[in-house]
Amino acid sequence: MSIDQKTVRRIARLARIRVEESDLPRLEGELNSILRWIEMLNEVDTTDVEPMTSVVKMSIKMRDDVVREGQDPTAVTVNAPRVEDDFYVVPKVIE
Amino acid sequence: MSELTDFTISEARTALREKQFSALELTEAYLAAMERARILNAYVVETPEHARAMAKESDRRIAEGKPRALEGIPLGIKDLFSTKGVHTQACSHILHQFKPTYESTVSANLFDNGAVMLGKLNMDEFAMGSSNETSYYGKVINPWRRKGSNAALVPGGSSGGSAAAVAAHICAGATATDTGGSIRQPAAFTGTVGIKPTYGRCSRWGIVAFASSLDQAGPIARDVRDAAILLKSMASHDAKDTTSVDLPVPDYEAALTGDIRGLRVGIPKEYRMEGMPQDIDALWHKGAKWLRSQGAEIVDVSLPHTKYALPAYYIVAPAEASSNLARYDGVRYGLREKGDDVISMYENTRAKGFGREVQRRIMIGTYVLSAGYYDAYYVKAQKIRTLIKRDFDRAWEKVDVILTPATPSAAFAPGEITDPVQMYLNDIFTVTVNMAGLPGIAVPAGLDSGGLPLALQLIGKPFDESTLFRAAHVIEAAAKFKARPDRWW
Chain L
1 MSIDQKTVRR
11 IARLARIRVE
21 ESDLPRLEGE
31 LNSILRWIEM
41 LNEVDTTDVE
51 PMTSVVKMSI
61 KMRDDVVREG
71 QDPTAVTVNA
81 PRVEDDFYVV
91 PKVIE
Chain C
1 MSELTDFTIS
11 EARTALREKQ
21 FSALELTEAY
31 LAAMERARIL
41 NAYVVETPEH
51 ARAMAKESDR
61 RIAEGKPRAL
71 EGIPLGIKDL
81 FSTKGVHTQA
91 CSHILHQFKP
101 TYESTVSANL
111 FDNGAVMLGK
121 LNMDEFAMGS
131 SNETSYYGKV
141 INPWRRKGSN
151 AALVPGGSSG
161 GSAAAVAAHI
171 CAGATATDTG
181 GSIRQPAAFT
191 GTVGIKPTYG
201 RCSRWGIVAF
211 ASSLDQAGPI
221 ARDVRDAAIL
231 LKSMASHDAK
241 DTTSVDLPVP
251 DYEAALTGDI
261 RGLRVGIPKE
271 YRMEGMPQDI
281 DALWHKGAKW
291 LRSQGAEIVD
301 VSLPHTKYAL
311 PAYYIVAPAE
321 ASSNLARYDG
331 VRYGLREKGD
341 DVISMYENTR
351 AKGFGREVQR
361 RIMIGTYVLS
371 AGYYDAYYVK
381 AQKIRTLIKR
391 DFDRAWEKVD
401 VILTPATPSA
411 AFAPGEITDP
421 VQMYLNDIFT
431 VTVNMAGLPG
441 IAVPAGLDSG
451 GLPLALQLIG
461 KPFDESTLFR
471 AAHVIEAAAK
481 FKARPDRWW
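Residue numbers (our numbering), protein chains in the order written: chain L, 1 to 95; chain C, 1 to 489.
Pulled out of the complex, with its shape left as it was, chain L reads as follows:
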C-alpha cells in the first residue's frame, strides 16, 4: 500500500499538524519508504495468533475508591501558556 499527497494531507489533519503544500512531496516520499519497508510483515502467517496485549502477565490492580491528593488547580495550570482564574484560556470555540 502506498499513499498519495491527498492522503498525507488527510493524515496531517487527523494528527493536527499543519503541513505546507511545499512539504507534501517530501512527506509522501518519506512515509511511503517507511510503509513499503513495513510491508515485509505480510510474509508472516498470523492466522490464529492472538495479538499481544501485555508483555508481562499481570492482572489489573484495584485500589480503594477514596479521595487522595488533588484540588490544586494552580499546580495543574501553572505551566499553561494562558490562564485566567485557574482556567485555561483558548480561542473562542462556539460562535
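Heads up, a few of these hints could be off.
Not the full set, but computed from the structure, chain C residues with beta-carbon under 8 Å of chain L [stated by the list, open to error]:
1. A239
2. L247
3. P248
4. I267
5. Y271
6. M273
7. I315
8. M345
9. N348
10. Y374
11. I384
12. D391
13. I417
14. M423
Bear in mind the hints are in silico, worked out from the structure with no lab data behind them. Predicted model only: the values in this text are computed from it and were never measured. A virtual CB, placed ideally from N, CA and C, is assigned to each residue, including glycine.
Dock chain C against chain L, hints included.
Structure of chain C alone, referenced to chain L:
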C-alpha cells in the same frame, strides 16, 4: 586516583564514607568538569545550586554516620524524567519552559537514596532517534573519536547525552530510557554499560511517555557494578504506575560473584546479519569463548521472527506515540502558536513545536490507527509481537541468557545517515527485547579497527536482571575493557 571524577560509584561510595573527600568536593569536581566539557552538549541544563544543596545534605548525613545507598553520588538525569521545578522538556520545543510540579518516581527514588542531581541530559526529541541528532537543543558529540581523526561522531540515541556524559566523566552515572534500544545503543557507542530492565521493573510515572507498552527506564554507568547499584535504587513498585510490578528488588550487586558455571548461553543464528562488520562478528565469537572458558555452556538457539521485530516496532511505537503526544495541543503546557480558531491553533502549535522525526512518527502512527487500516497494520504488528515473545519463550526452555552483538556498527558521523529507515536499522539487535518486554544489557567488550568501542548484548528472562549482571560482569572482566576517550575537549 588522579581526579575525583575518575572514581566509579562504588569507589566513591567507599571514599565518601571514609571521608577521603566530601560530597561537596566531589560535586564541585563534576561541576567544573561539566563546564570544561560544554562543547559535548551533553547537558541541556546544569543545576549547580541544586547539586550543591544536595551534596551539603549528603555531607551532613555522612557526618551523622547515616549515609543512604547513593549518598553524595552526582548523577545526570535524562531530560525525559520529570524533575520538580526544573526544566523538563524531553528536548522538544513543544514543552517550551515546562517545569513540572512533581518528581518522577525513578528520580525521586535516586534522590531519596542520597544521589545528587548535576543537571538534565540531552536526548533525541521525545526519545525518538538513534543518534541524538533530533534534539531541539542540538546534537550531542561523542567523547570518542576515531584513531588519528578529529571528526565528530554521534553518541547514539536516544539517551545520547546520558551516554556521552558517563563516558566523559561529567557525571558518575546517569538515568536513561529505552523504547527500542535507547539505553543499549548509546552505551555501546560510548564504551559504557547500559541496562534496560524488564518491562514493569521501574515505574514509568513522571517519565514523558513515548510508547507506553515499550518504554522502560534504566541506568547508564561506567561499569557493571555501578549499573547494578543504580538499578537497585531506580527500581520499585509504584502505585502510580499500574504496570510496575509488585516484586521485591534484588540486591543486584550481590549477583556479581564471577561464577557462571553451568550457565546456559544461547547464540541466536538469526542475529548473524548479512554485511555485519567483521569486527563485530569476531567480538561476538570472543564473547562466547570468554563465557565458555568460565564454565558456561554455549547453545545454538533460533529466534525465527527476529527480522520482523523492527518493522513491527515501527507500527506499534508510532501508534502509541501518536496517541501519547496528542496531549501537546498548546492549551495545558508549553508552546502555543496563534491560530484563527482552536483547530488552527493546535495545528500551528504542533507544526512549530515538533521536529521532523517526531512529526513523521506521529503521522505514521495516525495512519496505522486510522479507520480501515487498524487491522492491517496495528493488529498485525501486535500478532507479530506475540510470535516474537513466543520465540523467546521457546529459547528459555534451553538457555538462561542469550548473547548477541549490541549494535550493527560502531559510532558514525553526524549527518552520515539521513534516510529514516537506515537510521531505524541501528536498533535491529535491541528492539526485539522491548517487543518481548525482556531485560537486556550492553557491556563494552572491545575496540574496532578504528579504535571505537563495541559492545555485546545479553538478553535475559523476565525479571532475571541478576543473571544478566552476573554474566555481564564476567564478560567485562574477560574483555579487560579499560579504554577511555582521550580528553580533547
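Checklist entry - When the hints from earlier in the document are held up against this structure, which numbers fail? => result 2, 3, 4, 5, 6, 10, 12, 13 and 14
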